[in-house]
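Participant: Starting from the given sequences, assemble the full structure and let the hints guide the process.
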Amino acid sequence: MAKDVTSREENYSQWYNDLVVKADLAEQSAVRGCMVIKPYGYAIWEKMQRILDAKFKETGAQNAYFPLFIPKSFLSKEAEHVEGFAKECAVVTHHRLKKDPHGKGLIADPDARLEEELVVRPTSETIIWNTYKNWISSWRDLPLMCNQWANVVRWEMRTRLFLRTAEFLWQEGHTAHATSQEAQQEARRMVEVYADFARNYMAMPVIVGHKSPNERFAGALDTLTIEAMMQDGKALQAGTSHFLGQNFAKAFDVQFANKEGKLEYVWATSWGVSTRLMGALIMSHGDDNGLVLPPALAPIQVVMVPIYKSQEELAAVVEKMNVIAEELKAKGISVKIDDRDTLRPGFKFAEWELKGVPVRVAMGPRDLAAGTAELARRDTLTKESVPVDGLPGKIAALLDDIQKNIYDKALAYRNANVRKVDSWEEFKTEIQKGGFLLCHWDGTVETEEKIKEETKATIRCIPIDTYDNEEEGKCIYSGKPSKGRVVFAISY
RNA sequence: CGGGGUGUGGCGCAGUUGGUUAGCGUACUUGGUUUGGGACCAAGUGGUCCUCCGUUCGAGUCGGAGUACCCCGACCA
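So the numbering used here is basically just the index in the first sequence, starting at one, shifted up by 281.
Hint data in this document are derived by calculation from the structure and do not stem from the laboratory.
Keep in mind it's a predicted model, so treat the numbers as computed, not measured.
Misleading hints may appear alongside valid ones.
Stated by the list, open to error - Below are the DSS-like pairs computed for lysine-lysine, each with C-alpha atoms no more than 30 Å apart in a straight line:
| no. | residue 1 | residue 2 |
| --- | --- | --- |
| 1 | Lys714 | Lys701 |
| 2 | Lys612 | Lys338 |
| 3 | Lys368 | Lys358 |
| 4 | Lys731 | Lys328 |
| 5 | Lys601 | Lys328 |
| 6 | Lys531 | Lys515 |
| 7 | Lys709 | Lys617 |
| 8 | Lys685 | Lys319 |
| 9 | Lys733 | Lys714 |
| 10 | Lys353 | Lys368 |
| 11 | Lys336 | Lys685 |
| 12 | Lys601 | Lys543 |
| 13 | Lys731 | Lys368 |
| 14 | Lys515 | Lys761 |
| 15 | Lys336 | Lys617 |
| 16 | Lys690 | Lys629 |
| 17 | Lys709 | Lys690 |
| 18 | Lys336 | Lys675 |
| 19 | Lys664 | Lys690 |
| 20 | Lys531 | Lys368 |
| 21 | Lys368 | Lys543 |
| 22 | Lys709 | Lys685 |
Unchecked claim - Here are the simulated distance ranges between beta carbons:
| no. | residue 1 | residue 2 | range |
| --- | --- | --- | --- |
| 23 | Ala360 | Ser310 | 45 to 53 Å |
| 24 | Leu624 | Asp569 | 19 to 27 Å |
| 25 | Glu751 | Ser704 | 18 to 26 Å |
| 26 | Glu594 | Phe350 | 23 to 31 Å |
| 27 | Asp682 | Asn432 | 35 to 43 Å |
| 28 | Ser354 | Ala393 | 17 to 25 Å |
| 29 | Ala611 | Phe350 | 43 to 51 Å |
| 30 | Glu396 | Glu753 | 54 to 62 Å |
Note that beta-carbon positions come from the ideal geometry of N, C-alpha and C, so glycine has one too.
Facilitator: As structure tokens, this is what we get:
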């Protein structure tokens, strides 16, 4: 494992792109920095959506949909928000094309210029708060909690498949509350929903924490994050939940009459996760044979490969497989019988491994005679011959075991790469080795920025719960007093 | 926007100091033999060599300009 990781560090990106393409998840589109998500990749995303959506609904949020286009003026209403996003917006200026009178092709018709330019949403706070203004007038309207599944566009200078594409799919929740406390609780609750999803479905350990002021969402008073460690030791921000205070309420004049009949501004949160989670999934668990998908998110949990010489043998094996498949389906397990007769078994094995299918069952004439099957697991790449009797039950248990094993493996890897560092000299060499460094920090933006300049490392979060954060000490850079350790890492 | 690299059948690449019918692997098509870890044999299909301009008897190869993509920075919830 360690050797593999080293070789990936050298050319991690190449490995990652090859893997993604070969595993049929996605590819670059003709449009700059955008990606095409292929059917198998999208099936994973759909599964994520379904699980998250159910969790959101449990919290009382409802789905809604807001426009793709945002009037330019909306974006400028919240000062910090503009500053954060203005540099990376795609802008619609015209509503019609015409033939170029001086050459070939089409040009934007100068007569069709928009009076007010429209921005393709980089996030929807502004248009949603402009709408909420009309939905909220009384304390009885609160809390208001909407989520939308949508695409957003951010014109990043440099893009990267899954991790930072120009257009990406995500969900964004936007809530309005009567009190600051309630809004903060909501932000905290949602980051825990994300953490639970990452750990129990993606099998990806994450650290929950607050962002430092420097890394906060544009316009937020507090940003909560889940931070994951990829196999090359870099950090990936996998999801965020923001306490927005009254900033957007004031910018868009969203007030409600409280029980005393007085007008008050509402308190807001927003929270989101994106298709970046798929990148996180790939980079957390993938190995040199391709993807390793946790059973909870695998579109196909069990693939069955028949082995045969004649059509009669194929029919006999598939008949037996169908019986097992029905039992598995009855247990809620998704199964695919790969009966393509143009491909040899070895090819199919390699292909399904590349796609990360957790469990493979192979059966041939010998198995039929002996009442056995070959059971292989993707996470350990091991296989064994087992009796067909009781196989569905065994597979169900195996899936649970794989889910747990993948998490444990990722957790062990992360823990092995989290180190406490107490001197600046040590910090500078240790940070280059990858992994998370737990260090004291004086709490100032200046220190954070200097550390970033000198080492490229950023504060990933000020952890909550995961690590004991009560210990006092001295800032690694300035030597000034610190109330607790924070997580430093090089990030994607 | 800086620094570097690469553009040659669908994909991955080779192509020598310019030289004649542009090649290899893979994929694809057809036929046959195979099938318990990415099959083999045979015969085929498929290319305005990124674009334009130039040098030359002759350009995939040399020169110039443009363009696209990749990597490293800057940038980035």
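Participant: Now look at each hint and say whether the structure bears it out.
Facilitator: For each hint, the structure was consulted:
{"no.": "1", "hint": "Lys714 with Lys701", "verdict": "holds (14 Å)"}
{"no.": "2", "hint": "Lys612 with Lys338", "verdict": "holds (25 Å)"}
{"no.": "3", "hint": "Lys368 with Lys358", "verdict": "holds (16 Å)"}
{"no.": "4", "hint": "Lys731 with Lys328", "verdict": "violated (42 Å)"}
{"no.": "5", "hint": "Lys601 with Lys328", "verdict": "holds (29 Å)"}
{"no.": "6", "hint": "Lys531 with Lys515", "verdict": "violated (38 Å)"}
{"no.": "7", "hint": "Lys709 with Lys617", "verdict": "violated (50 Å)"}
{"no.": "8", "hint": "Lys685 with Lys319", "verdict": "holds (28 Å)"}
{"no.": "9", "hint": "Lys733 with Lys714", "verdict": "holds (16 Å)"}
{"no.": "10", "hint": "Lys353 with Lys368", "verdict": "holds (13 Å)"}
{"no.": "11", "hint": "Lys336 with Lys685", "verdict": "holds (21 Å)"}
{"no.": "12", "hint": "Lys601 with Lys543", "verdict": "violated (72 Å)"}
{"no.": "13", "hint": "Lys731 with Lys368", "verdict": "holds (23 Å)"}
{"no.": "14", "hint": "Lys515 with Lys761", "verdict": "holds (27 Å)"}
{"no.": "15", "hint": "Lys336 with Lys617", "verdict": "holds (28 Å)"}
{"no.": "16", "hint": "Lys690 with Lys629", "verdict": "holds (26 Å)"}
{"no.": "17", "hint": "Lys709 with Lys690", "verdict": "holds (28 Å)"}
{"no.": "18", "hint": "Lys336 with Lys675", "verdict": "holds (29 Å)"}
{"no.": "19", "hint": "Lys664 with Lys690", "verdict": "holds (19 Å)"}
{"no.": "20", "hint": "Lys531 with Lys368", "verdict": "holds (23 Å)"}
{"no.": "21", "hint": "Lys368 with Lys543", "verdict": "violated (39 Å)"}
{"no.": "22", "hint": "Lys709 with Lys685", "verdict": "violated (35 Å)"}
{"no.": "23", "hint": "Ala360 with Ser310: 45 to 53 Å", "verdict": "violated (34 Å)"}
{"no.": "24", "hint": "Leu624 with Asp569: 19 to 27 Å", "verdict": "holds (22 Å)"}
{"no.": "25", "hint": "Glu751 with Ser704: 18 to 26 Å", "verdict": "holds (21 Å)"}
{"no.": "26", "hint": "Glu594 with Phe350: 23 to 31 Å", "verdict": "violated (60 Å)"}
{"no.": "27", "hint": "Asp682 with Asn432: 35 to 43 Å", "verdict": "holds (37 Å)"}
{"no.": "28", "hint": "Ser354 with Ala393: 17 to 25 Å", "verdict": "holds (20 Å)"}
{"no.": "29", "hint": "Ala611 with Phe350: 43 to 51 Å", "verdict": "holds (47 Å)"}
{"no.": "30", "hint": "Glu396 with Glu753: 54 to 62 Å", "verdict": "holds (58 Å)"}
Checked against the numbered hints listed earlier, the structure breaks hints 4, 6, 7, 12, 21, 22, 23 and 26; every other hint is satisfied.
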